[in-house]
Amino acid sequence: MSGGIKTKFAWAAGVALVVAVPAAAQDAKKGEALAQQQCAACHGKDFLTPIDATYPKLAGQYQDYLEKSLRDYKTGARKNAIMNGIAKPLTRGDIRDVSSYLAALPGPLSNEKR
Amino acid sequence: MKHSSLLLSGALLAMTQSSAAQDNKTAAVAATAGPDVPVSMCIGCHSIPGYQASFPSVYRVPKIGGQSQQYIEAALKAYRQGARNHPSMTAVARGLTDQQISAVAAYYEARGNSPVVAVSK
Chain A
1 MSGGIKTKFA WAAGVALVVA VPAAAQDAKK GEALAQQQCA ACHGKDFLTP
51 IDATYPKLAG QYQDYLEKSL RDYKTGARKN AIMNGIAKPL TRGDIRDVSS
101 YLAALPGPLS NEKR
Chain B
1 MKHSSLLLSG ALLAMTQSSA AQDNKTAAVA ATAGPDVPVS MCIGCHSIPG
51 YQASFPSVYR VPKIGGQSQQ YIEAALKAYR QGARNHPSMT AVARGLTDQQ
101 ISAVAAYYEA RGNSPVVAVS K
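Going line by line, the protein sequences match chains A and B.
If you count the first sequence from 1, position 109 lands on 109 in this note's numbering, and the numbers rise without skipping.
If you count the second sequence from 1, position 121 lands on 121 in this note's numbering, and the numbers rise without skipping.
I should point out that these hints are in silico values taken from the structure, not numbers from a laboratory.
Check each hint, because a few of them may be wrong.
Okay, derived cross-link-like pairs now, SDA-like style, lysine to any residue, Cα gap no bigger than 25 Å in a straight line [said to hold, decoys possible]:
hint, chain 1, residue 1, chain 2, residue 2
1, B, Lys77, B, Cys45
2, B, Lys77, B, Ser40
3, A, Lys74, B, Lys77
4, B, Lys77, A, Arg78
5, A, Lys113, B, Ala83
6, B, Lys77, A, Met83
Nothing here was measured: the structure is a model prediction, and the numbers come from that model.
Construct the complete structure from the given sequences, taking the supplied hints into account.
Here it is, written out as structure tokens:
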């Protein structure tokens, strides 16, 4: 109606923003929610204080290693009664989101030569 | 009430101190690499930030500095008995005694970021 090219362009740009920004934000939110629901009970709310010392600290671990571990637990290539059950229903996207969230958290984990 | 909680904390303190004394040897061993702490097999992958394993699949080898001693021990024993599979880790773990596993695990627990800092993924 009154919309010239300018208005249409602004409208399209607005749509692109609305679609692009929340997608990443939603992934991060999803990762955080998954981690709090699925991991925190055993690995600690900060993912550094597990309820059993033989459970690993997760915060700050490499994302690709976390993903590989979860994939291996999901397929059964790595065996652990609890972790196999936790990983089974996770999708590839879930595994990526939760691993990305955990990897970005602060923690003592390091591969620096000391 | 006050008295008994004081007694209890005294007892707890005594327990903490005696277990600290027992841990002294482990702590001392954790300080330096050597024949008792054979980390020469570890550092080629685990002391290089961002180092990628390329076999059997490509991903960064996990950060183990600052990980708990008990978890590292459990992981090495799982590799040693075949409960967890990775060609190089299985080979490394099979060459270690229980004592060496404990020493290596303590060594790496003591090598985390301190104080805790934010890390990049």
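Evaluated hints:
A distance of roughly 19 Å separates the Cα atoms of Lys77(B) and Cys45(B); the hinted pair therefore holds under the 25 Å criterion. This hinted pair checks out: Lys77(B) and Ser40(B) have alpha carbons roughly 18 Å apart, not beyond 25 Å. For the given pair, Lys74(A) sits about 22 Å from Lys77(B) by alpha-carbon distance, which is consistent with the 25 Å threshold. For the hint linking Lys77(B) to Arg78(A), the alpha-carbon distance of about 14 Å falls within 25 Å, and the restraint holds.
Proposed proximity of Lys113(A) and Ala83(B) is contradicted: the alpha carbons are some 29 Å apart, above 25 Å. Annotation: proposed proximity of Lys77(B) to Met83(A) holds, straight-line Cα distance about 18 Å (limit 25 Å).
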